[in-house]
Amino acid sequence: MGSQAEDLETLFEMAVEEDDRDAFDEIEEGVRSLQGLLEAATLQSMLSAPDDTKNAIVSIHPGAGGTESQDWAEMLMRMYLRWMESRDYAFDTLDLQPGEEAGIKSVSIEVSGEYAYGYLKAEAGVHRLVRISPFDSNHRRHTSFASVSVLPEIDDPGDIDLNETDLEIDVYRASGAGGQHVNKTSSAVR
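So the sequence shown is numbered by numbering that gives the first Met the number 0: it starts at 0 and just counts up by one.
Rather than coming from a laboratory, the hints here were simulated on the basis of the structure.
Mixed in with the good hints, there may be bad ones.
When the alpha-carbon atoms are kept at most 20 Å apart in a straight line, the in silico SDA-like pairs for lysine to any residue are as follows [said to hold, decoys possible]:
id, residue 1, residue 2
1, 53, 90
2, 53, 87
3, 120, 148
4, 53, 169
5, 120, 64
6, 53, 34
7, 53, 129
8, 104, 64
9, 53, 43
10, 104, 153
11, 104, 87
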């Protein structure tokens, strides 16, 4: 990119000296090309974490607030699904729990595509909506919250070997209901 910028600068100086309009058009095209390369390099540097290239799993859960928060969670889900469609990301709804009146109780979506986790990881956190509730007959203002978590899809770790010496197993007598039997046998394990 540096040599391309230097070439454009030299061409600009020559075009100014000779008042060459065709050269200015060529410079303008070169600057646009250089700007595109710069934007791509900037994006590449922002998405350089090890997991950024992986697929993602997005989970949305409404906060306190009942139907209002469930409706807000559904709005977020629709927004993310439309964004995924616009980027041509493949997605699969892993789990969807609809609300009783409106909205959703929870949803988990698997997103597949180039840099899916890198783009979506910034969406993790609590999202807030303040609006006049359509579910309130008194038309009061309500604040709704929804939690969004974004996790990278992990690679298959293969077989996991556990060393027996690393395990600690304690057996002791249980407490609670069970009568005399719980006092005689060590049936609780941790």
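Has the given pair, residue 104 with residue 64, been kept, meaning a C-alpha gap of at most 20 Å?
Since the Cα atoms of residue 104 and residue 64 sit roughly 11 Å apart, the hinted pair holds (cutoff 20 Å).
If you draw a straight line from the CA of residue 53 to the CA of residue 87, is it 20 Å or shorter?
Satisfied, since the Cα-Cα distance of roughly 15 Å is no more than 20 Å.
Between the alpha carbons of residue 53 and residue 43, is the straight-line distance 20 Å or under?
holds (14 Å)
Check the hint pairing residue 53 with residue 90 against an upper bound of 20 Å on the C-alpha distance.
holds (13 Å)
Given pair status - residue 169, residue 53, alpha carbons within 20 Å
Not OK: residue 53 and residue 169 at ~40 Å, beyond 20 Å, violated.
With the threshold set at 20 Å, check whether the alpha-carbon distance from residue 120 to residue 148 stays at or below it.
holds (8 Å)
Need the status of pair residue 120, residue 64: alpha-carbon distance at most 20 Å?
Judged against 20 Å, a Cα distance of about 25 Å means the pair is violated.
Given the hinted pair residue 53 and residue 34, is their alpha-carbon gap at most 20 Å?
Since the Cα atoms of residue 53 and residue 34 sit roughly 27 Å apart, the hinted pair is violated (cutoff 20 Å).
Given the hint that residue 104 pairs with residue 87, does the C-alpha gap stay at or below 20 Å?
violated (27 Å)
Between residue 53 and residue 129, is the straight-line Cα distance small enough, at 20 Å or below?
Measuring from Cα to Cα gives roughly 34 Å; hence the hint is violated.
Just to be careful, I want the Cα atoms of residue 104 and residue 153 compared with a cutoff of 20 Å; is the pair within it?
Since the Cα atoms of residue 104 and residue 153 sit roughly 26 Å apart, the hinted pair is violated (cutoff 20 Å).
In summary, the structure is inconsistent with hints 4, 5, 6, 7, 10, 11 from the numbered list given earlier, while agreeing with the others.
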